[in-house]
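Chemist: Chain by chain, the residues run as shown.
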Amino acid sequence: ETGVTQSPTHLIKTRGQQVTLRCSSQSGHNTVSWYQQALGQGPQFIFQYYREEENGRGNFPPRFSGLQFPNYSSELNVNALELDDSALYLCASSMDSLGNEQFFGPGTRLTVL
Amino acid sequence: QKEVEQNSGPLSVPEGAIASLNCTYSDRGSQSFFWYRQYSGKSPELIMSIYSNGDKEDGRFTAQLNKASQYVSLLIRDSQPSDSATYLCAVGGSNYKLTFGKGTLLTVNP
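Protein sequences, first through last, are from chains A and B. So in my numbering, spot 107 of the first sequence is number 100, and the numbers just go up one at a time. So the number in my numbering is just where the residue sits in the second sequence, counting from 1, plus 133.
Take the hints with a grain of salt, since some may be wrong.
To be verified - Derived DSS-like pairs: lysine-lysine, alpha-carbon spacing no greater than 30 Å straight-line:
id, chain 1, residue 1, chain 2, residue 2
1, B, 175, A, 6
2, B, 189, B, 200
3, A, 6, B, 235
4, B, 175, B, 189
5, B, 189, B, 235
6, B, 200, B, 235
Derived from the structure by calculation, the hints contain no laboratory data. Bear in mind that the values here come from a model prediction, so they are computed numbers and not experimental data.
Sequences and hints are given; from them, build the entire structure.
Modeler: Here it is, written out as structure tokens:
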């Protein structure tokens, strides 16, 4: 059984650029949730994808968008990057969208200069 | 009012002692409760889940849930230096998302 994987590990972008982060869910999981974790804070929910549909969204602006593919892998896209977008971006997969355990990938550290 | 609150710590215990970590939450509709361990520079690792009132034990870890008091705790028995990490409490409601506290930094001193 393979765990959750994310790419890239680290990324440096400049303000105004766009970025795409990728996530492969754990085998047998059909739900992917994305979180943003700023330094010294707990993860903040961005959105969740279940069977290729957005299943809920946190308090993030529309420039944060995502996709889920038929194999349940997912992408997080952020447009018009701002300095405050610098954070650890975490992907978590779960068996379904009903509140079961979520397992995190290693994360992508994004730095916006 | 913050949705999930934890003492930020640091909580310092000697090796072999019991570490007690606490969490309160505001949404009475919450249905699922989780403890994650996060080492510095790493992602959160699920260590305990609990869904009903009472205690749940797994090895050296015991999670306790009291829905009436809106309180969740994690006890770590026989604490080891390798337990030194930030412990995140996460709460799931009738919707889809987990709401996390800021985490408690635990240091176990040899």
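Chemist: For every hint, state whether the structure bears it out.
Modeler: Here's how the hints hold up against the structure:
1. B:175 - A:6: Judged against 30 Å, a Cα distance of about 21 Å means the pair holds.
2. B:189 - B:200: Cα-Cα ~14 Å, so holds.
3. A:6 - B:235: Between residue 6 of chain A and residue 235 of chain B the Cα gap is close to 27 Å, so the pair holds against 30 Å.
4. B:175 - B:189: Roughly 26 Å between the alpha carbons, so the hint for residue 175 of chain B and residue 189 of chain B holds.
5. B:189 - B:235: holds, 23 Å
6. B:200 - B:235: holds, 20 Å
Consistency note: the structure conflicts with none of the earlier hints.
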